[in-house]
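4 protein chains.
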Amino acid sequence: MATSNDIGVTDLLPRLKDQGYDAERVARRRAWIEEKTGVSLRNIGSVSFDTEELRGNIENPIGAAQVPMGVAGPILVHGRHASGMFYIPMATSEGALIRSYERGMVALTRAGGVQTAILADENQIVPTFFFPDVASAAAFSEWAPGQMAQIRAAAESTTRHGKLTDLKCYQVGRQVLVNFGYFTGDAQGMNMLVKATDAACQWIQNNYPIASYFVFSGMCSEKRPSGFLLTRGKGKRVTAGALLPHDVLKMYLHCTAEKLFQIWHSTVIGHLHANSIGYNAQYANGLTAIFIATGQDVANVVNASCGVTNFELQPEGLYVSLMLPALTVATIGGGTGLPTQREALSIMGCYGASKAKKFAEIVAAAVLGGEISMGAAITTGGFVSAHEHYGRNRPK
Amino acid sequence: MATSNDIGVTDLLPRLKDQGYDAERVARRRAWIEEKTGVSLRNIGSVSFDTEELRGNIENPIGAAQVPMGVAGPILVHGRHASGMFYIPMATSEGALIRSYERGMVALTRAGGVQTAILADENQIVPTFFFPDVASAAAFSEWAPGQMAQIRAAAESTTRHGKLTDLKCYQVGRQVLVNFGYFTGDAQGMNMLVKATDAACQWIQNNYPIASYFVFSGMCSEKRPSGFLLTRGKGKRVTAGALLPHDVLKMYLHCTAEKLFQIWHSTVIGHLHANSIGYNAQYANGLTAIFIATGQDVANVVNASCGVTNFELQPEGLYVSLMLPALTVATIGGGTGLPTQREALSIMGCYGASKAKKFAEIVAAAVLGGEISMGAAITTGGFVSAHEHYGRNRPK
Amino acid sequence: MATSNDIGVTDLLPRLKDQGYDAERVARRRAWIEEKTGVSLRNIGSVSFDTEELRGNIENPIGAAQVPMGVAGPILVHGRHASGMFYIPMATSEGALIRSYERGMVALTRAGGVQTAILADENQIVPTFFFPDVASAAAFSEWAPGQMAQIRAAAESTTRHGKLTDLKCYQVGRQVLVNFGYFTGDAQGMNMLVKATDAACQWIQNNYPIASYFVFSGMCSEKRPSGFLLTRGKGKRVTAGALLPHDVLKMYLHCTAEKLFQIWHSTVIGHLHANSIGYNAQYANGLTAIFIATGQDVANVVNASCGVTNFELQPEGLYVSLMLPALTVATIGGGTGLPTQREALSIMGCYGASKAKKFAEIVAAAVLGGEISMGAAITTGGFVSAHEHYGRNRPK
Amino acid sequence: MATSNDIGVTDLLPRLKDQGYDAERVARRRAWIEEKTGVSLRNIGSVSFDTEELRGNIENPIGAAQVPMGVAGPILVHGRHASGMFYIPMATSEGALIRSYERGMVALTRAGGVQTAILADENQIVPTFFFPDVASAAAFSEWAPGQMAQIRAAAESTTRHGKLTDLKCYQVGRQVLVNFGYFTGDAQGMNMLVKATDAACQWIQNNYPIASYFVFSGMCSEKRPSGFLLTRGKGKRVTAGALLPHDVLKMYLHCTAEKLFQIWHSTVIGHLHANSIGYNAQYANGLTAIFIATGQDVANVVNASCGVTNFELQPEGLYVSLMLPALTVATIGGGTGLPTQREALSIMGCYGASKAKKFAEIVAAAVLGGEISMGAAITTGGFVSAHEHYGRNRPK
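Protein chains in written order, with our numbering: chain P, 77 to 472; chain C, 77 to 472; chain X, 77 to 472; chain D, 77 to 472.
Bound conformation, chain P alone (with noise of 0.2 Å):
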């Protein structure tokens, strides 16, 4: 087996002045890989504009990925937060998904369009603490509640934009993991909250003298699949809804209401039998495309495709809808800012401030396309024919 004399310094990636964003250090960086490696980058090293500007968003960097954009719509939006028509940018490389999500939007606008609700808007972050027993942690649990004003007034201390919104102690034998809910505004937050978080926990440590801690107990399901995404929610907590009425059904999906509640109901059995969390068609196909395009954290989809999708029968058609409990979305911070993110962003006016909660009402109509699709093509075998039309990169 190798040992560590094996890895050299000149193994190490070139450690460059400044961090090595400007253009002349990445393409350097760029270099050595394509010495290291013998291949051509090319085209990651085709980069539209300044690469200064992937400061703050990536490290060691040698260019971008292209992941072909298009754009699906018009979906008819009817929310609090986002109304009207809507151009769904997405970015992916999966043949067909577009066309599968603007077949969904177009019959959801046909049907009159979408109705969305905020129905939350608070992160999680829940760091853990220890105690020497049972007892001093059962103390603990019933002495922090009571010090929300000071503790709130140490997290927010850290930003201008979180507010601490909730604090809930869960104690599992001598250890004590203390929810902080967080309201983060038009930034995902993260960040904002571990720092917050960190230091709310050491105004704690100095009040509370024999409490250890660790900012994070892995309770919070940032980026993980749980049960608790569903009771406790992250982000934005959004639910869409419509009613596809029989013709609506027959003309733009070509099936019948009966056919895809079928689908729905039978589904349902697989996804319980299965020990899913929650149901859904394609939440991460489109989730993903658009948080991609958008400049989101593309990571949060594991988190942000927990939900449930419901489909009813009613005398006028179909009522569909979904819940998302966990969309952790973003119109400034992260990657948003990025050049081509902003612009497909700004496709939909949710670039910058303000224009969170309208942003994530827009992507669960959007998903709801996706929903009613997916459900239409498998009914009708058409699943398998637009893989065939539109998939064509299959292996050779």
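Worth flagging that the hints you see were computed from the coordinates, not collected in a lab. Errors might be hidden in some of the hints.
If chains are identical, the list can't say which one is meant, so a pair holds when it fits in one copy or spans any two.
[What the hints assert, rightly or not] Taking lysine to any residue and the SDA-like style, the derived pairs with C-alpha atoms no more than 25 Å apart in a straight line are:
| id | residue 1 | residue 2 |
| --- | --- | --- |
| 1 | K326 | D209 |
| 2 | K326 | H465 |
| 3 | K335 | E392 |
| 4 | K112 | R418 |
| 5 | K112 | L88 |
| 6 | K244 | A220 |
| 7 | K93 | M327 |
| 8 | K93 | V460 |
| 9 | K112 | S430 |
| 10 | K244 | G457 |
| 11 | K93 | A103 |
| 12 | K335 | S288 |
| 13 | K244 | G222 |
| 14 | K335 | Q390 |
| 15 | K326 | S288 |
| 16 | K244 | E198 |
| 17 | K326 | L389 |
| 18 | K244 | F259 |
| 19 | K93 | E111 |
On the provided structure of chain P, position chains C, X and D as indicated by the hints.
Chains C, X and D in isolation, oriented as in the chain P frame:
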């Protein structure tokens, strides 16, 4: 509320000749969006390659998202399919992510490298068959496994690469969910599977008169989190592990084995309390960044990030390992052949046929780097400072 | 197939005067079954008390099951509600179960006893309200919390003991699940809750014209396993813990702290792989035996056995603890007043009013005994031999 | 805090000759408890049979819990193993439970009876093996399946009834969980499995030098809720279903197919939101009452109540069904031979050898009765009134 009159023919995206993949028509579509929304899409339009290459990966193309790409490494891998030192291309906009992974990879390499093993390689699809009652469904459940040879012939008649490896019936009342397992070679394989399974289902329908079916039951957990993924797997099931000696922990991760174990132990409690699927620190971060860089179906991160990380105290240090049961990665098909993605795969020597298992082992080793680095950052408080240092793009 | 003609009036169980709880009518019903089936029910008929006492606990009574009862202990408890040495009555037919629990309890007592704490005390019921669309459901979700005072008045008008402590809306599409939290005193409280909540729902329906509702949504997880139970709890949330010094481990459990920790660690991996809810060794064994002995609603074992056991290595030994978030136990109502059950509760000084929290703490401490004993038995191979020795009733 | 000095020899339960199962020694132990606690245990002491029969089922016996027993039915079953009309003994203290089940059973019988099928019959145990690193664990994972014949021989050398039916390796890092599947005949089989598997593990240890092991890994989900149970099963996997015509629904359940379907549909949403395992109305109620009455290991209710109930609208009425993947029931061994328990099994013709599959089918049909009755009670508001009427023992 809006009515269906709201959507006019001028609201629909222009349908262009031959679907409009040539540069001129992509530009025309982009201009149409620019006009509709008043937004300049200059950067999205800056594609470094022939837009005809987008065909099969996207519809309604307007250009590409440029996602910052950097490299982390080196990571020394001792697997059956991957062996040697690798640099990992990662595309992300989350500041500090690459630094975090790089630190972990270097520590693993300094420790002598990561052992990896592919434990299984089978993708799943689960169509569902409908019967009038429990007795007739039970009769089918008994009949179907005996037809394996003919079902396989029907399925494999549609594909040169897919092999039907297993067939198992799960009856629920009068519905029978039939789990088809396939070997899909170096492709992610979902499209291949759907087509093959549809052919198999049609053979069944022709030979078992009363069956109707849907090709999806929801049980396959494609791009969804579920317990089924842990037991049954999806794509590559891979494990990776290494012993981190005390001196490596101290020098490269600035923490002790005991402290790193304590963070594992206490966050396992948090995961159990959250009713998470499996346990991990940040699988989704690493997987997403690699998936975007290399043209994987990024939505598969949802299933791929179900797994189990383990830290074990040893006299000589800390044994760290992970098991990913549903790592659906490909080196051919999908987005792997796109220009920047192909270059990224090539950096690891993983582009093309006979490379998927190698790639899976490298991914598992790289992701393990993120697990230890995250743990170390929490124990030392480095998490907050690293994000302060590298993630400067937080909202202003 | 059989038709509805198959069932005749002589097949229906005899309806007896005043529901037939007096000894003579219980005997007559029993004789009817004996005649129908040709089976002597002599032992089932041997009830040591007035059969009129069965009224309210069962219908169509024919006697009683005699479930073997033994005692385990003593267990020394240091809680706020329970303090001192207790003997635990357990009814079971699983050989070795009591010996296993006894061994653990004695070890905990030798170690100085078990600390316990009640962390919360709230039962849950979640009716669901239906609306025509997402917007009207969202309006209700905003309106309802503001009516807490009047909703509480309506709910509490039906009960002298139940107190409405919380009300939270979970909207999913056009359905709103309203989580009512109640303090139910010393009763398990489900019947009380249903009645109170039905009154509250009727008040809502009278004051919010368009709502229709069902009093159950399934979310409450009564007698069902779920992630919700961990976050939200049900009945008593209780924790218990103790430090087992090395000498106690050696003398009473015949194992080392390291070995016991290894079994915990390795079986946590097994639980994660199985996608279990929480982690435990054998909660269900102890809870079931105590629940049967003391007249609890035994089906509640399903929710009560969701929890988390933790073992932690310390220089001085092993810290062992558990947290049960959904321990729905009662000391009044249900089966607690039946003759043998009342006697069993009395053994622990837990029969009647103001005893439920004390009882919950004793149960948690006793169940912790089973966790350490099971772990020790596995590490020493004693599991097999103990069952050979005590469980002699295996099939011949 | 108390110290280990607190427990004296006079606090330990008296150890009596030959473990003290004869009537006189059971009485002496009971008297000891009575004296310690000042409580009369007259009813607990009223055992209608020779206390020597308790041997193998309990330790430290003091008598028996008398749990009220009634009968529900008849239920008409059309299975392969059970066929005909059955009366179901149920032991419970939950008022209205038997009335609820009886109503459902009669409705199913009026509808022409319930079809049932055993889909699988395999119990699971999953020992875990430890290796120094990932590579050596992987080598073992490849080696073990090839030794099936010899492993089977070792396992089956310890039992006349158990048959090793499957062996599958799940590697996680350097630990390998080996899933043994067994056919256990008419016994619940856990003790048989542990002994057989321990012998198999010893054979492995003798033939694969470096392996150490524990006979339990936690993955088997014995008496614990998990997703693994749905996919892999435990004991009998059984399904049951019936078509309820409109007139039966109206006459015996006082509701419509549409209303009953609505309650199913809306509570599925509640289950999904709670992150429940599977879906059911009240499995635990019926299973617990039957398990207590018939001497099953009642703690197995936790695994047995993981399953899926389905309601489907049909032109002719409502098709209702359930699937229980982990119904660990026995007709020999455990508590099945105790006097009242044997009588209860005999009522159904299910005592002794070759009866377990018959019993499993009857249980599934009976439990289905509870599913429809609960649903109907909620839709009609009868739930509240039934508990008012039958559950009169609520706290005063």
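Could you work out which earlier hints the structure fails to respect and list their numbers in ascending sequence?
Violated hints: none at all, because every hint is consistent with the structure.
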